[in-house]
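Protein chains: 2
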Amino acid sequence: MTDPRLDKLANVLVDYACAVKPGMWVGILGDVATLPALRAVYREVLKYGGNPTLFISDEWMARTFLREANDDQLTWLDPSQSLYYEKADIYIRIGSSNNTRAMTNIDPQRVQKVNAARRPWLDQRLMRSANLDFEWVGTWYPTESSAQEANMSLEEYEAFVYGSMFIDHDDPAAKWRELSAMQQLKVDWLKGKKQVRLQGPNAELELSIEGRTFVNSDGHKNMPSGEIFTGPVEDSVNGWVRFDYPSIVAGRAVSGIELKFEQGKVVYAHAESNDDLLQAQLNTDAGARYLGEFAIGTNFGINRFTGNILFDEKIGGTVHMAVGMGYPETGSHNKSAVHWDMICDMRNDSTIHVDGELFYKNGQFVV
Amino acid sequence: MTDPRLDKLANVLVDYACAVKPGMWVGILGDVATLPALRAVYREVLKYGGNPTLFISDEWMARTFLREANDDQLTWLDPSQSLYYEKADIYIRIGSSNNTRAMTNIDPQRVQKVNAARRPWLDQRLMRSANLDFEWVGTWYPTESSAQEANMSLEEYEAFVYGSMFIDHDDPAAKWRELSAMQQLKVDWLKGKKQVRLQGPNAELELSIEGRTFVNSDGHKNMPSGEIFTGPVEDSVNGWVRFDYPSIVAGRAVSGIELKFEQGKVVYAHAESNDDLLQAQLNTDAGARYLGEFAIGTNFGINRFTGNILFDEKIGGTVHMAVGMGYPETGSHNKSAVHWDMICDMRNDSTIHVDGELFYKNGQFVV
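Residue numbers (the working numbering), protein chains in the order written: chain A, 1 to 367; chain B, 1 to 367.
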């Protein structure tokens, strides 16, 4: 009855990504639309001896909440969830959509109010995770809505989603370990390096990674993953870059983005569509005009753009950069309310040199 | 799109039954199968200023848990739920079934182990409720499975369910207040009375209510409700009674039950079907052979037996008695792991005399 790919996905999440052990308190989060995946994960958590808590949500209720709740309600912190973030061991979130445009007409200020109020939950999760006191992973469940957003049938989209997670392989975890080992070699090679230079039809850009750390993103926090990322030295970025793939912000696609940097700062920005949104994002705060992230996507299971950043930013043969907030574990100091990933194709006539040495050519590592 | 009866039900639960006030912490519990009702209640809680926490469950996961969890998992108490029972203000539970026989082959000892472990949650709920520190109500959402159990189509069953809750009236809460006022008159009249005598084709029974209290069950804890109940003096019950309606225990229907009492104790018991189950229940512990409850059903919106005790025990024109555990608020001292309600039709040639005065005749109060 159940899609057998869900059982394999559940095993990857529970065993590979989170390493559930007997007695651990495991939160399982997802919309009712993800029920088949929630069931598979629930059963796998039991099998590994974990104690599951279900946080099943519903897009209709979430929307009703954002539309109708008063200020006290919008900013209320559920004590049982606060306790969970304080004490639990693991967080497994199954994302999904019933309608990618369902929130289009919700006042973004109300969304921000909720996010600001719930910020302690996010901080606690990230802090405890950094202290190795908490494991988390977020994944994605294919629905008709997401397939529609990606211009595919559900069957095609399912094949895309599970393909990106290596679920179509006999032993997906072995594939993830293999990718992880390959990425670790690159991360190790990059240690102590200083200067990165991108050249090609879409970029002519230099940035410094001196003193910064590349993170090996290998499916432990995001499923799928497949990227190595760092935070560049804030004032070191110079040159220009064009982002081929549209970037989706608040349900609007900003496409044909071009940025010019001088001493780290975006001094020129233009988008072919929804340029106003691009300008507004860059003007959010001081950090929004600086790069918080530079990353190389390595997942060749993801072979097309689908408008979902979880997948898009890992497309093998692309790099992405984010304006705004940087991740402290990379050494980045950039702070901002914005973290906006933009994706640049490097598969044609493109190179990355590191400290003058050819590191990457036409979408492939060469060291 | 939504069944408008659900919005009326939500209002009865939130306003009439639980009196949700701004800032209150309100748990909303139900299976994914009850989603339309969960949504209606969630929205109504928001409207009344409450802070809802969703506890959405899934019968498949509950069954998987009972079948596959190890002992540590079976007896684990979710800290976030413990906190909820300790601190929250309101509990609204929407019962349902996807398959009334889904649990038939689950080992009852495993179910008992879970129930025993979670007993503190029940105790906390009842204790805080007795201290007026916590409100709770349980209701029922109609599904195909429950309709099938009741030998009806879904449409017929929905009409039955909402009819029993007076949702088909313009102002259901007004109907509940009316029933409550009627019941209160009977409860007041019964104060200080001593001897109850049932006579008719199904009963020839005496019991004492001296020093005991009748409770006016008017839709605040059960929706639907419609009964007045007490706990008889334990050793005062003498005579015999036949229960016309089958009693369902652990998915098995025990029908044609006849009991004989001497000085409160069941000294003879026979069932036409599943007699072994009846005997096993009565042999559970010392309290299982004594009555813990005597009650009169008053809900004439419930006009047929459906195999669901929430409805059956309130059928207008019936009385019911429970062997086993009695409710402390009635003055009952009877303790038992069993509380088994059995329903006796009083609509034909039947009377109840109280201290020698005719109190009830052929299913109707006469005082």
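Don't take every hint at face value.
The list treats identical chains as one, so a pair stands whether inside a single copy or across any two.
[What the hints assert, rightly or not] Below 35 Å or equal to it, Euclidean Cα-Cα: the simulated DSBU-like pairs (lysine-lysine) are:
#1 LYS113 to LYS175
#2 LYS87 to LYS113
#3 LYS335 to LYS194
#4 LYS186 to LYS265
#5 LYS260 to LYS87
#6 LYS265 to LYS194
#7 LYS113 to LYS47
#8 LYS175 to LYS265
#9 LYS186 to LYS113
#10 LYS87 to LYS265
#11 LYS47 to LYS260
#12 LYS87 to LYS175
#13 LYS87 to LYS193
#14 LYS175 to LYS221
#15 LYS87 to LYS47
#16 LYS47 to LYS175
The hints are simulated quantities; they were obtained by calculation from the structure and are not laboratory data.
We went through each hint and held it up to the structure:
Taking CA atoms no more than 35 Å apart as the test, LYS113 paired with LYS175 passes in neither setting, with 41 Å inside one copy and 41 Å between copies. For the homomeric pair LYS87 and LYS113, the shortest alpha-carbon distances inside one copy (25 Å) and between copies (25 Å) are both at most 35 Å. Taking CA atoms no more than 35 Å apart as the test, LYS335 paired with LYS194 passes inside one copy only; the shortest distance there is 22 Å, against 77 Å between copies. For the identical chains of this complex, LYS186 and LYS265 are intra-copy neighbours only, at 28 Å inside a copy versus 81 Å across copies, given an alpha-carbon limit of 35 Å.
In this assembly of identical chains, LYS260 and LYS87 lie within 35 Å of each other by CA distance neither inside one copy nor across copies; the values are 45 Å within and 55 Å between. Taking the closest pair of Cα atoms, LYS265 and LYS194 come within 35 Å of each other only inside a single copy of the chain (19 Å); across copies the shortest separation is 89 Å, beyond that limit. In this homomeric assembly, LYS113 and LYS47 come within 35 Å of each other (Cα to Cα) only across copies, at 19 Å, whereas the closest approach inside a single copy is 39 Å. In the homo-oligomer, the alpha carbons of LYS175 and LYS265 never lie at most 35 Å apart, since the shortest distance is 39 Å inside one protomer and 69 Å across protomers.
In this assembly of identical chains, the alpha carbons of LYS186 and LYS113 never lie at most 35 Å apart, being 40 Å within a copy and 52 Å across copies at closest. Taking the shortest Cα distances, LYS87 and LYS265 never come within 35 Å of each other, neither inside one copy (40 Å) nor across copies (50 Å). Taking identical chains as interchangeable, the C-alpha atoms of LYS47 and LYS260 are never at most 35 Å apart, the minima being 52 Å within one chain and 49 Å between chains. Within a single copy, LYS87 and LYS175 get their C-alpha atoms as close as 32 Å, which meets the 35 Å cut-off; across copies the closest is 47 Å, which misses it.
In this assembly of identical chains, the alpha carbons of LYS87 and LYS193 never lie at most 35 Å apart, being 39 Å within a copy and 54 Å across copies at closest. Taking identical chains as interchangeable, the C-alpha atoms of LYS175 and LYS221 lie at most 35 Å apart only when both belong to the same chain, with a minimum of 16 Å there against 54 Å between chains. Taking the closest pair of Cα atoms, LYS87 and LYS47 come within 35 Å of each other both inside a single copy (22 Å) and across two copies (32 Å). Only within a single protomer do LYS47 and LYS175 lie at most 35 Å apart by alpha-carbon distance; the minimum there is 22 Å, versus 50 Å between protomers.
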